[in-house]
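Bring the two chains, given one by one in their own frames, into a single complex with the hints.
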Amino acid sequence: NAGVTQTPKFRILKIGQSMTLQCAQDMNHNYMYWYRQDPGMGLKLIYYSVGAGITDKGEVPNGYNVSRSTTEDFPLRLELAAPSQTSVYFCASRALHGQGHTEAFFGQGTRLTVV
Amino acid sequence: AQSVTQPDIHITVSEGASLELRCNYSYGATPYLFWYVQSPGQGLQLLLKYFSGDTLVQGIKGFEAEFKRSQSSFNLRKPSVHWSDAAEYFCAVGAWGSSGTYKYIFGTGTRLKVLA
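Those sequence lines, one after another, are chains H and D.
The numbering of the first sequence is this note's numbering, which starts it at 1 and goes up by one.
The numbering of the second sequence is this note's numbering, which starts it at 1 and goes up by one.
Among these hints, one or two may not hold up.
To be verified - Which chain D residues stay away from chain H? Per the calculated CB distances, all over 10 Å, these: (1) Ile-11; (2) Thr-12; (3) Leu-56; (4) Lys-113.
Said to hold, decoys possible - Below, a list of computed lysine-lysine pairs in the DSS-like style, where the Cα atoms sit at most 30 Å apart: (5) Lys-113/D with Lys-9/H; (6) Lys-113/D with Lys-61/D; (7) Lys-68/D with Lys-44/H; (8) Lys-113/D with Lys-49/D; (9) Lys-49/D with Lys-68/D; (10) Lys-61/D with Lys-49/D; (11) Lys-49/D with Lys-9/H; (12) Lys-44/H with Lys-113/D; (13) Lys-44/H with Lys-9/H; (14) Lys-57/H with Lys-49/D; (15) Lys-44/H with Lys-14/H; (16) Lys-113/D with Lys-68/D; (17) Lys-61/D with Lys-9/H; (18) Lys-14/H with Lys-57/H; (19) Lys-49/D with Lys-44/H; (20) Lys-44/H with Lys-61/D; (21) Lys-44/H with Lys-57/H.
Read the hints as simulated data drawn from the structure, not as lab findings.
Note that the Cβ used here is the ideal one computed from N, Cα and C, for glycine as well.
Extracted from the complex, chain D is given alone in its bound form (with noise of 0.2 Å):
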């Protein structure tokens, strides 16, 4: 079965220092793969895709993730974080269900918290 694990609920980190978060799936075929922020009281905003070609995405707002297919992870990263990045994180994965429809599959998310 398709699923998406984050595993940090919660992160906190400086203004200015570096931030990962971490993603992994489990498909069975080439994942498309999504990450999202949701700020306070929010809709959910694409970061950046993964579908094919060049492993390492670049996404707005300075954001990166690297597709490892060994270790199935998608993990996002930012060099430097700003104080404007304290939300929620979502990791998703976009798969095809038997009936051939497609489907997103959502990790529990991961809180950042930033420190002044």
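So that you can see chain H by itself, here it is in the shape it has in the complex (with noise of 0.2 Å):
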């Protein structure tokens, strides 16, 4: 049971360029999470997805988008990367509400660099 897989692990982008950071979960999870950690500032929701088809901001939209055509993938897309947006990125999972687990399991995470 692999969880939830982030690809890649490490990446180096030039300002101006675009990338996907693939996230795919084998748990059969309606919802799914991207959230990107910063030194001291925790852990902070760029998007949401509670079933395919439906996603929604979280408080740190700019410069993303994601998409949800699968219950298994929740890819997450940089256009015109900016250093700003240099970060440790994770997506996590969690099952529907009386479903058993409550809690995210989260991926090992995708370290973006922006020069």
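Right, here's the structure in full:
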């Protein structure tokens, strides 16, 4: 059981480039989340999804886009990368309320540097 | 608004000493509370969680936490720290948003250093 898998683990982007951070979960979870982690700031929610075809903005969505075409996958798209997007990105998933686990399960993270 | 406060950014303890990491939350309803640990370069791993019932919850790696509603606190404790406990610890509250969706609000984390 792989849980939540993120790729790539590391990436360096040049300013203005774009990329997609991949996230996949094999637990059939409805909820999926994207967070960014900056030193001393904890985790900030970028986007989340409550199921295939349904996404919504979190606290810090500017500069990012998401899609959720399947239950398993929740890619995060960065368009026109900026130095302010240098961060560690975490994907997480959670079961629907009432289906057991209510904690979030996290991937290993993607460390992104924009230069 | 919901929020989580971890007042200690850094804590240093000696190996074998006891540990308490503080967490205070602000949430209007009965909270779902979590403690996660993050080792360097790793993702977040759940240590323990509280939903209801017994206010003292046991977790993995010998950790426990006590929910105190009157103090809006959910402090994490360990009676004897091991060098491998050096990591960053995050407290989180699970909250229902106005749109009926479920989100997690994290504190800013406490970085634990363990002295040999």
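- Looking at the structure, which of the earlier hints fail to hold? none
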